[in-house]
Structures are given as C-alpha cells and as structure tokens.
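So the chains spell out like this:
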Amino acid sequence: MKPADLRQRPPFFDVVRMLMDHQLLDADYVECGKVDDVEIEITDDGTLRATAIFTGPGAAFEHLPGWLAAIAKKFFGKRSKRIPWPEIAIIESRIKLRSTSEALGLDPADRSAARWISKLPGAR
Amino acid sequence: MSAFLQIFLGILTAMGGFVEVGELVFSVGAGAKFGYSLLWVVALGTLGIILFGEMAGRVAAVTKQPIFDWVRERAGFRMGLGTLLAANLVSLLTCAAEIGGISIVLRMMSGWPYRLLAILTFLALLAIVWFFAFKWIERFFGLLGLLMTVFVIAAIRLHPDWHAVGAGFVPQVPTLESPKDYLVYAYFAVSLLSSIMLPYETYFYASGAIEDGWQPHEVPMNRIVVTMGFVLGSALAVGLVIVGGQLLKPLGIDPQWPGAAALGPAFTMGRAGLIVALLGMLFAFGGAAVENALTGAYNTAQFLGWPWGKWRKPAGAPRFALAWIVMLTLAVLIILAGVNPIQVVEYSIVFSVLILPLTYLPLLMAAGDRRIMGAYVNNGPTKIAGWFFLALVTLAGLFALPLLVVTRGGKL
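Taken in order, these protein sequences are the chains called A and B.
Convert by adding 6 to the 1-based position in the first sequence; the result is the number in our numbering.
Convert by adding 7 to the 1-based position in the second sequence; the result is the number in our numbering.
Hints are supplied without guarantee of correctness; some may be wrong.
Stated by the list, open to error - Below, simulated PhoX-like cross-link-like pairs (lysine-lysine); rule was C-alpha separation at most 20 Å, straight line:
#1 B:Lys390 - B:Lys187
#2 A:Lys102 - B:Lys71
#3 B:Lys187 - A:Lys125
#4 B:Lys187 - B:Lys71
#5 B:Lys320 - B:Lys142
#6 B:Lys256 - B:Lys187
FYI, nobody ran anything at the bench for these hints, they're computed from the structure.
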C-alpha cells in the first residue's frame, strides 16, 4: 500500500504522537504517571487495535539500553501497571482515566510518602 | 487585585529575581577585566531571556503544560531522561553556588564560621519553602532582591564615561594585549551570556505561570511583565559591570568573591551602602537557591508524571516536596564538603550553556506549533529570533567547556 493510501484508512490513530509519554490524570484530575507503553493486538481482519496502556518505572525503563534498564530496575523497581483501554475516558494532550489512582493501584509510592510526610507540621 | 498592581508586582519580582551569584561574579569580573566592552553580551542575553521567558509563560498559559511535559512528549523517555538529569545537575550546582554565596555574605556580616552559616542558610530556606505559599516566596525574595538596585546607584555615583558605556553596547572584540586575553574575553562572553540565560529561569517561569493559574487572556500581561522586569533586571547587571569597570579595574582588583562587588556601594555610599548591598545579595541569592531547588522538583515531577505544585500542601504532592528537600540537602552537602563555591559557580554557568539548546528546542517547537498554540502561536519575527538564539546558544555551548579548560576559569 502506498503512503498516500495509508492516510485514507479511517480511523487513523498515531499512538506514538497522541498517547506515548503523555500525562495521565485520574478521575479527580490528579496526575498519576505517564503512558510508558501501549499494548496493541492484531484483530482477525488484520487491523491493529490498542487494548491497554502501561504506566510505571518497569515499563518506562524498557525504553533504556539493556544494561541501563537493568541497573535502573535494580534501584527503582520493576513495577508497572496495566490499564485496560475501557478505563480511558478522554484522550487529549493529557489522558484522563475513569477511576481514582488508588482504585487503579497506581502510585503506591506517592501514598506511602504522603503517609510519612503528613506527620510533619504544616504538611496538610 | 487590580491588573495594574498585578503587573507592577510582577515586574518588580522579575527584576529582583534577575541577578544571582553567577551573574554577579561574571558581571563584576567582566567589568574589572574588560571595562565596558562586554556590555553588548548583557544586552544580547537579556533579549534572549526575554524571548524564551515570554515563550515559556505563553506556552504554559495556553496549554497548562510546563516544559518537562513537552520534553517528555517530544523527546520520549530515553532522550528526555538525559535532558532531565543534565538540567537537574545544573540546578543542583546553581543551588549549591547560591547557598555558598549566602554563607560568604553572612560571614562578612557576622564573622561566624562558614559551614555553620551554610547549615543555618539551609534550615532557613527549608522552612521558607515548606511554610510559605508560592506567591509569597516569589514576592518575598523578588521584592527584597530589589535592594540590589544599590549597585545601579553606585554605578551612577562612580560617574562613568557614559559615552564609553554606550559604546560598550555595540557588539565588538576590543584590542587586547595577547592572544590569551582574547580567549579570556571569549570565556567571559560565553559565561556572561549563560549566566543571564540560565535554563532554570524558563523552567521556573513556566511552572510558576501554572502555579499562579495563568489563562490565555493573560498572555499580553506576561509579555509586559517579562520585558519590563528583565530589562530592569539587566540594568542591575549593567550596574555591576560598571562597578567592576569604573572602580575595580583601575585598582587592579580581580573580584574572585561575591563580596568584592559590594566595594562599589561601600565606596560611594559608605557603611549604609555596604549593608544594603550585602542584604540585596542575600535575598537575590536566596531567591535563586529556592528557585533552583524547586526547579529540580518541578522538572522531575513533570517528567515522571507525579502530582506537583506549591499550591498543593506537601501531603498532596509528597514526592514533589521530597524532591525539593533532596535538592536543598544535596546542595548544602556540596558546600559542607568544602568545595569552593566560586568554582561551583563557574561549573554551573558552563554546564548551563551546554544544556541551553536542549531546553530551548522543545519550547521553540511547542510555541511554534499552531495545532497546540492556536492564535497564540509564534509570529514570524519571534520564530526567526528564536532560531537565531538557539543557534547562538548552541555555538556558545560548543565553546564553553574548551574555554573553561584552556583559560582555567578565566584566570589565565
């Protein structure tokens, strides 16, 4: 297929430009990570379909060279979370999700840091 | 608050926050070594920072996205991570240099031990950022940093040859004694440009615009605040160059310490002038230390997608709060380790110019993209000027490190 024909195939969705590395917002519009990877499946008719996104250091480190990824995972962990496609509410410059980050199990480090920091005067 | 008062406060804050320890050292040093012949670099750097500062504020007001959001989206995780680490290293060095500068000034005022003063400075800055709201941090340091205007008064009282001062604004390479003097001149030109166009200024300005909740209709106000604030701020830098050229050069003083600049106000206004100058430095350096610590936290949180912002209490953005605490802590540890703060200033300035192109390219691309910016997209002249300055800082970046090594930090 020529490039010109590709553009005519609806619906066209540029995963890299419109999804990868964009900010995630939870149901309360609180930042809850970036889109670190996208899961794509090939349907029976041969078309590609995005089925989920991944967020978390484990998924992000996959984009680093092998040796660096191994070191980074050792220090910062391999945690990554799969978010099924139906969980996505709005795709704009930021990606809005339907649930809160707590319900989705995102950002546990933020919650444990918040518990610790809340004990200090003036933190709330 | 009325729009007029808001603009007035914005201008004063931008002006008061313009000068930090690196700019002070290089401005006075430039004057002491080369008279007024580097003033054109101050003017050029001011034009550059106005251009990119305005762009950063405009992109933030229109898109609500700060710079490291753009870096991540445009460059991806791998390339973006390199930019993040480089930018944060420079902010850390700058923050350390400011804490070192404050400790030097406090030692001049009190005679107390340098390391103890560094720890007290750290604790004071920690408390200010923890307890104060963003707006008050900005105004506190910005408005008290206006005490630095004492250097402009000192420059006027030194009765410089205004014709020669004016001639300094014309781009030039003066006739110097030896080839090594030309290298030192080039080193000072690159460092002065870098110290005025420090990358943290645009990161902080864009994040600050989002903290303050700017809307697209405030774009014209942003333009006035940036232009007026930075032009008046650069008047402080010009004052410092004149103090160096008029007072220190004839005496053969090579100002290696920030305190040497205070000789200008002390010479022209006596004890009162000296005290105001030292206080002005304290608040100007303090503001820059806080801005750099916050910039490191802004960059990290925006790149990794954490909740961020001083408008949230620390418990609402805990990793952001920890990030600026870590920045301040590492900065004071660098000073406590006994590293010469002036050397830290030199390295922070030179490494800054190395990452300037990485900072300005994504900003220039975002501000020039009509799909993102709509009616607020860069116009023709802004685009041309933007690419010109990008080429200029790239060129300066290529020469910065070799010049630092060859001239041994301008001490050849």
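Which earlier hints turn out false for this structure, listed by number in ascending order? Result: hints 1, 3, 4 break, sorted rising.
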